[in-house]
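2 protein chains.
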Amino acid sequence: MRQAGRSLPEYRALKDRYTILELCRQPDLAVEVTLQPVRRLGVDAAILFSDIVVPLQGMGISLEIEAGVGPVIEHPIRAEDQVSSLRVLQPDPDVDYVLEAIKLLRKELRVPLIGFAGAPFTLASYLIEGGSSKNHTRTKAMMLGEPRAWDALMEVLSQSVLLYLRAQVEAGAQALQLFDSWVGHVAPATYERHVMPWVKKVFDGLRDLQVPTIHFGIVTGELLAHMSRTGADVMGVDWRVPLDEARRRIPQAMPVQGNLDPALCLAPWEVLAREATDVLERGGGRGHIFNLGHGVLPETDPGVLAALVELVHSWKVPV
Amino acid sequence: MRQAGRSLPEYRALKDRYTILELCRQPDLAVEVTLQPVRRLGVDAAILFSDIVVPLQGMGISLEIEAGVGPVIEHPIRAEDQVSSLRVLQPDPDVDYVLEAIKLLRKELRVPLIGFAGAPFTLASYLIEGGSSKNHTRTKAMMLGEPRAWDALMEVLSQSVLLYLRAQVEAGAQALQLFDSWVGHVAPATYERHVMPWVKKVFDGLRDLQVPTIHFGIVTGELLAHMSRTGADVMGVDWRVPLDEARRRIPQAMPVQGNLDPALCLAPWEVLAREATDVLERGGGRGHIFNLGHGVLPETDPGVLAALVELVHSWKVPV
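Protein chains in written order, with the numbering used here: chain V, 1 to 319; chain S, 1 to 319.
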């Protein structure tokens, strides 16, 4: 469950003392925040605490994460000469603190550790828009109107993401998740032409490491067919798409991850239990990693999340 | 093309002098704003200028539209006793200025006039959240956790929407569009249980008027099968779903409306022309109303929109 920490008082206590980027940059703190939901919830894997803009900062891009706003890029990338001044991430030393956190975590954890990165499109959108965006207008304008600048940007980002994920595995990450958070704003044909080749490049470059890879983005129902053919091992599914329908859109044998609507964790238990069971049934019992279909909402009761984990663990595949 | 006005200097000049609600409430101004894109763009129909919160204000709910924020409801509806204090809209006199604008428009227009309303779920979300919302968390919490309050709210809203749309037709509207702007945040099974019956009620209540009805919401790819069975005549399609794929999800003979990505209007003309032609081809030439797959982006060049209308008019169905 991504962002499970946001619902925990022990995480909020740390957030009162440190910024998100401070939590990411101090290995002992990143370790503590990664462990918090694992301790509380009884989940079967840990996901590294970090932020998807961390490798951008590592590349020397000046940015902040403003509370209630999200990432703010000091000098948004809007022109080809700005793109050509970008350099590829060198994980060590650029983000050595992430690698250090992973090494420490492997000593602490009894469940597998999932590393992650934002996908090239999503990182490009932050860089071009200067932060979060409603319509990703400037991003699409560059993608469609200045393909040379776009390709150069995607080249440096996909190389950086690949090196970043490889370094995470070398430090000890046992699985990887690639989040294309904003790619659901792209129509399928545009995705195929301007985004998919760069995602493929990342997954192709990871194959020799032989760690399982998961690919996910929200509002990606129409992109599942394409995203599932980028080389990822597991397809994460947004809560909007029933898992049995998702399976019809992707290769038959591909495992799926998901996809309970996070808002259901705020509903009465009997509603939550009914809908979680529906997700398990549609998942079909095999090749299914149960998860929420998006991040945990901050107002969620951690006790409910723990009960949900128990429900999933005690569920039996119907014979 | 919805919200085409936002791209027009003559609209922005009015926006400098009046608030959106003032433009909605003064019939001569609402008429002028409705006519502006029709004059410029050569479109085949006009869509009434108004705001979807107008009937809420007519019901006596205190609200503002804040620039850059959207609607702000003074006292959000969070408890059952607040719901029971709501009254059903009486279009005349509650929103008589809308009806007056429609009457004036019919005298001016040489193309058909489309009236519209927000659908019950979307209006409920504004009332419960107190404005726009990222996750519609409180709305879902009421829908799933307090079904009695939810049903009572949907009852008063669907009755109000129905009376509002009927009054628009009686005033002269020649077609109707029902926007469920935020319903794409609801999973299909939840939609079927808690939203669909109320939408059906609206369309059922309009049938005897024999005006064509269009139903639309963004991010509704997974809901198309359900939304197309609510009684609407035409299914509006978000730009994310290729129209040929949309047709596979809805009844075969149902006309579709859409669905060029509005961001493409900011791309070079050859890209826009290629993608618009792709939409026309996927639409199949019959039973297709060409439109954008969401509102016009404010930064759009009106000259490009006019050229797009010309492209659509000159397109020939391949034999």
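It is worth saying that the hints were derived from the structure and are not from the lab. Treat the numbers as computed from the prediction; the structure is a model and nothing was measured. Please note: incorrect hints may appear among the correct ones.
Intra- or inter-copy, both count: the list cannot distinguish identical chains.
Claimed, not checked - Once the Cα atoms are required to be at most 25 Å apart in a straight line, the calculated DMTMM-like pairs of lysine to aspartate or glutamate come out as: (1) Lys316 with Asp151; (2) Lys103 with Glu170; (3) Lys134 with Asp301; (4) Lys134 with Asp51; (5) Lys200 with Glu10; (6) Lys15 with Asp208; (7) Lys201 with Asp92; (8) Lys103 with Glu275; (9) Lys134 with Asp16; (10) Lys134 with Glu299; (11) Lys107 with Glu270; (12) Lys201 with Glu108; (13) Lys134 with Glu170; (14) Lys134 with Asp28; (15) Lys107 with Glu275; (16) Lys107 with Asp81; (17) Lys316 with Asp51; (18) Lys316 with Asp208; (19) Lys134 with Glu64.
Each hint, compared with the structure:
1. Lys316 with Asp151: Cα proximity of Lys316 and Asp151: none, with 48 Å in one copy and 35 Å across.
2. Lys103 with Glu170: Only inside one copy: Lys103 and Glu170 sit 9 Å apart there, 71 Å across copies, limit 25 Å.
3. Lys134 with Asp301: Classified as between: cross-chain Cα gap 19 Å, same-chain 29 Å, threshold 25 Å.
4. Lys134 with Asp51: Both ways: Lys134 and Asp51 sit 20 Å apart in one copy and 20 Å across, limit 25 Å.
5. Lys200 with Glu10: Intra 38 Å, inter 46 Å, cutoff 25 Å: neither.
6. Lys15 with Asp208: neither (38 Å within a copy, 58 Å between copies)
7. Lys201 with Asp92: Only inside one copy: Lys201 and Asp92 sit 21 Å apart there, 61 Å across copies, limit 25 Å.
8. Lys103 with Glu275: Neither. Shortest intra-copy (37 Å) and inter-copy (48 Å) distances fail the 25 Å Cα cut-off.
9. Lys134 with Asp16: between (28 Å within a copy, 23 Å between copies)
10. Lys134 with Glu299: Both, since 23 Å and 13 Å are each at most 25 Å.
11. Lys107 with Glu270: neither (38 Å within a copy, 56 Å between copies)
12. Lys201 with Glu108: neither (33 Å within a copy, 57 Å between copies)
13. Lys134 with Glu170: neither (36 Å within a copy, 37 Å between copies)
14. Lys134 with Asp28: Cα proximity of Lys134 and Asp28: none, with 35 Å in one copy and 32 Å across.
15. Lys107 with Glu275: neither (36 Å within a copy, 53 Å between copies)
16. Lys107 with Asp81: Answer is neither: 44 Å inside a copy and 55 Å across each miss the 25 Å cutoff.
17. Lys316 with Asp51: Neither, since 35 Å and 50 Å both go past 25 Å.
18. Lys316 with Asp208: Intra 35 Å, inter 51 Å, cutoff 25 Å: neither.
19. Lys134 with Glu64: This pair counts as both: shortest intra-copy Cα distance 19 Å, inter-copy 22 Å.
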